[in-house]
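Chains as they are written, first to last, in the working numbering: chain H, 1 to 508; chain U, 1 to 212.
It should be emphasised that the hints constitute simulated quantities derived from the structure, not laboratory data.
It is possible that part of the hints are untrue.
Claimed, not checked - Result set (EDC-like, lysine to aspartate or glutamate): computed pairs, CA atoms no more than 16 Å apart in a straight line:
{"no.": "1", "chain 1": "H", "residue 1": "51", "chain 2": "U", "residue 2": "5"}
{"no.": "2", "chain 1": "U", "residue 1": "159", "chain 2": "U", "residue 2": "137"}
{"no.": "3", "chain 1": "H", "residue 1": "89", "chain 2": "U", "residue 2": "115"}
{"no.": "4", "chain 1": "H", "residue 1": "51", "chain 2": "U", "residue 2": "137"}
{"no.": "5", "chain 1": "H", "residue 1": "217", "chain 2": "H", "residue 2": "371"}
{"no.": "6", "chain 1": "H", "residue 1": "51", "chain 2": "U", "residue 2": "193"}
{"no.": "7", "chain 1": "H", "residue 1": "212", "chain 2": "U", "residue 2": "17"}
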Amino acid sequence: MTTFLGMPALPAFGSGNLFAGESFPKAAHRELGNAQLRANLGHATHTIRDKRQAVVSELPDWEQLRDAGSAIKESVMARLPDLLEEFEKNFTARGGVIHWARDAREANEIVAGLVRETGETEVVKVKSMATQEIGLNEYLEEQGIEAFETDLAELIVQLDHDKPSHILVPAIHKNRTEIRDIFLREMPGADPALTNEPPVLAMAAREHLRRKFLTAKVAVSGANFALADSGTLAVVESEGNGRMCLTLPETLITVMGIEKLLPTWQDLEVFMQLLPRSSTGERMNPYTSLWTGVTEGDGPQNVHLVLLDNGRSAALADEMGRSALHCIRCSACMNVCPVYERTGGHAYGSTYPGPIGAILSPLLTGIEAEENSSLPYASSLCGACYDACPVKINIPDILVHLRSVDVDSKRGTRKVPSQMDVGMKAASWALSSGKHLGLVEKGLPLGRLAAGRDKKIKKLPGIAGGWTQSRDIPAPPTQSFRDWWAKEHKSAAPSQAAPSRDDKETQQ
Amino acid sequence: MTAREDILSRIRTALQDSPEAPQIPREYRSESGMETEKLIELLVDRLVDYKAQVAVVAEAEVPATVASLLEGARSYVVPEGLDGGWLAGMDDAGTGGARRRVDSPAEPLSVTDLDGTDAVVTGSAVAVAETGTIILDGSASQGRRAISLVPDHHICVVKAADIAGILPEALRRIDGTRPITMISGPSATSDIELERVEGVHGPRRLDVIIAR
Ligand code: SF4
């Protein structure tokens, strides 16, 4: 154990594709205008949601598995340094090579260096959140190395020069016709008679990638799990593109966040039950590959692993927020999120969208980073994400916690009080006594005036305008609840306080 | 400071509140207690659900079943350690002129050869009835990972005795440091409007022979 002298080191935040380019409300407002996107997303999230529910209900011990999963991850965080060293020892003993990367830039440089050593200028890639996060493809391109995404959805997004919008189905925002058009436009040699049927499109992708798989010398992947006690890595997938990349090339470079560890082989039994059911709603995904360093005569003989920090240690330092690192990237939380369903993944700006993105991105980058401070507000706090999460990450609590971190971080940095400060001050005064509140409520009829004939307020002034940008507010009642109560109780005994018909409107 | 030292020290700093590693509650099921017939029934149900084809036969009928499944194949590959009896239905040239190729780590077929091979016949290490999963661990009857990946048709023999009820039972029977592939149905994608399409890059056809 290291002893700490003097000031603790400042947290080292992550870099790469973790930042929102604009605030969530702004981005969300734009995305909300895209009806096609909303229709595609609504259909997709509801489909997975139903499938997930069906296969989860099949397991009598689902809650026990979640409890175990949550505790295993909590224990991983508590013992992270020791587990990383144990993993390193075991992976290395079997011929694998470990590299450590503090941030995105360092990880990219390591991967590019390893590719260069092979003399190759092309790599095939298995879908991976970690390499998305560090912007590996873009970096490799700058270095003259072409990276081919091989997961169908990633391929669609890559061909379209678009960005993924969901962590499991990155092209969830596109429908079949849009995908056909992308293939026709961007895939060399695509059959002009290509139809928009999914099997036809999948076969086109197979044709397109087959040669690449069979001739690639270098592959880059992520990893879903790393088992400390055996030094084993696991990739969970469906199409077989993962198996192609993990077994046919000579060199395999894996990039993995340091939080992906599991202590023992036995723990895999928990996560391989939790992950497929939570993510695609299947009892098991078609293919899972596990490898421990190098196996002579089978698979790549140069096996590397880049262990990535990139803000994870900073997230770990947040005692309330650290459980965001338990995330196994199943995407269940986004499929149940009413906010994600309407805005789509792009609105979150970062590689990690949806509820988990709203907490993970600001934890990795620091809440002050660019527009990430708006992400913890991208939620209705309905709690659906917490219920869905296979490892029981309490996303709503962390959202609230991060909002307070955000407010604290802004306190004292402004000379002029913001509208929010003034509003909060006013609210605190109003709510501090019944008399104050009564006075404020006298203003209610004014609100009715502002609402006009259809009894809806369409535009509020100032910062409150953010709220009405995408919603209407019903007009306030003619009378406050307190006034109604007082009036009612003057004339009737408390036990008969049932409202009369005429009072209906005041009950809103 | 190396990146390694730096990261480890950052993590230690982050954990200055010394969080405790909790006890792991393992109240989830670790045994299914299912009888063989029930195991077979469940495995078949799951595999069919994934659009794999399944035949449940007596051990003695395996060679005839393999032969009939290979009908139409011009060539097939087997790992060197495959039970020779399973191929007894075919002469070395194979039924219907299907040519047999034997793969071993010492004499591996090239990827191009594999790509030009129609089918593959392998054994399996263990199967999971509840999830419809077949686990290959690279031992002699299953061979290198590439052979069950590149040919478009995978015929896999599962011995009834190797079927476990649930995943924890199956993983206990496996050495995690071997090169492992878990297979649940043929290759599939759901990336286009969430519609499941069988067959992308892995074998598009999976035939499972369950041998009692
Ligand atoms: S936070 Fe939970 S539900 Fe969301 S992706 Fe991560 S593991 Fe899945």
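A quick look at each hint next to the structure:
no.	hint	result
1	H/51 with U/5	violated, 45 Å
2	U/159 with U/137	holds, 15 Å
3	H/89 with U/115	violated, 37 Å
4	H/51 with U/137	violated, 30 Å
5	H/217 with H/371	violated, 40 Å
6	H/51 with U/193	holds, 14 Å
7	H/212 with U/17	violated, 49 Å
Checked against the numbered hints given earlier, the structure breaks hints 1, 3, 4, 5, 7 and satisfies all the rest.
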